[in-house]
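Asks: Listed in order, the protein sequences are those of chains A and B.
Each number in the numbering used here comes from the position in the first sequence (counting from 1) with 751 added on.
Each number in the numbering used here comes from the position in the second sequence (counting from 1) with 751 added on.
Please note that a few of the clues may not be correct.
[What the hints assert, rightly or not] In silico SDA-like links for lysine to any residue, alpha-carbon gap of 25 Å or less:
| # | chain 1 | residue 1 | chain 2 | residue 2 |
| --- | --- | --- | --- | --- |
| 1 | B | K864 | A | Q917 |
| 2 | A | K824 | B | K864 |
| 3 | A | K864 | B | A918 |
| 4 | A | K909 | B | P883 |
| 5 | B | K921 | A | K909 |
Hints are computed from structural coordinates only; laboratory data are not their basis.
Number of protein chains: 2
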Amino acid sequence: MGKVTVLRLGHRLHRDDRLSTHVGLTARALGADEVIYTDDKDDAMLASVAEVAGKWGGKFKVSYVEDWKEPLKEAKKKKIKIVHLTMYGEPLQKKISAIRKEKNLMIAVGGAKVPGQMYIAADYNVAVGSQPHSEVAALAVLLHEYFKGKELAKKFPKAKLRIEPQASGKKVIAGDRN
Amino acid sequence: MGKVTVLRLGHRLHRDDRLSTHVGLTARALGADEVIYTDDKDDAMLASVAEVAGKWGGKFKVSYVEDWKEPLKEAKKKKIKIVHLTMYGEPLQKKISAIRKEKNLMIAVGGAKVPGQMYIAADYNVAVGSQPHSEVAALAVLLHEYFKGKELAKKFPKAKLRIEPQASGKKVIAGDRN
């Protein structure tokens, strides 16, 4: 398996904290290896995503760089393809088989105002439906398609907390049996 | 085709406005017919979701009831099955074929604190991965699985705005050719 990095564009302090948290947690839960936040530095938000990752296991990495162009340059150097999720892009259903062939991916998600350069830097500008909705939803559907649903059975080793699925109610157990 | 209603549990004024907006827009974009908001009444949030629906076409309905139990009672009366999305539930991959057989659905999504009664009222308590992430992501994956990806090609008649998908850049056109 390759490596999937999610690049969160244009985080704004306070205003975006919950959505950016959801971007990070969705990335982790649905099989990505890493999230990189950009723009405003938000230590509390970074810490909350990292805390969940620490408690619930796996090797998910959380980091921050101010300039969103840096991780893109790094990706290009390593010949990692860049998927930019945008409602203006080409339909996911037309692009997914090509994207699935990429062993490593960087997935860029806005962000209130995505600069025009992002569209140019991307190898794929991809739309999950050509309608306004949510970067969290778009990321979820892309990851689910990329991993063909197998991400839902992903193991998260060394978890301090683990859920035992229930038909009704909640059961959280300590320790790691993954 | 049947009818799919999304029930947003426990909206809190200001704190949840953007996530609840994303829940509504994701519901609309990925094939649901209706969103019902509950708990705090948030006219600005309701108006913003309704405004998007008005501009971008289709027949999506946006409404509010204070008591989240009312729409569930209505659904039960009409024998509409209720899917509650929760990280504590049974894996989606095990339940989706049964859920796909339901012609009509009510999909309940939390919400910071979901009351225990919700787990009892639900016909299916379903987890999109047994990890903490996002109700927006969970809703997106459920709808995508329920509609088998066909929702991405859904038409939205009588749109004032429409996107023409582009490999790079943005193209929004006026009028309706759906």
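Asks: Compare the distance between the alpha carbons of K909 of chain A and P883 of chain B with 25 Å, and conclude whether the hinted pair is satisfied.
Replies: 16 Å, holds
Asks: Does the structure keep K824 of chain A and K864 of chain B at a Cα separation of 25 Å or less?
Replies: 42 Å, violated
Asks: CA of K864 of chain A to CA of A918 of chain B, is that 25 Å or under?
Replies: 18 Å, holds
Asks: Does the structure keep K864 of chain B and Q917 of chain A at a Cα separation of 25 Å or less?
Replies: Roughly 18 Å separates the two Cα atoms, so the pair holds.
Asks: CA of K921 of chain B to CA of K909 of chain A, is that 25 Å or under?
Replies: 44 Å, violated
Hint compliance for this structure: hints 2 and 5 are not met, and every other hint is.
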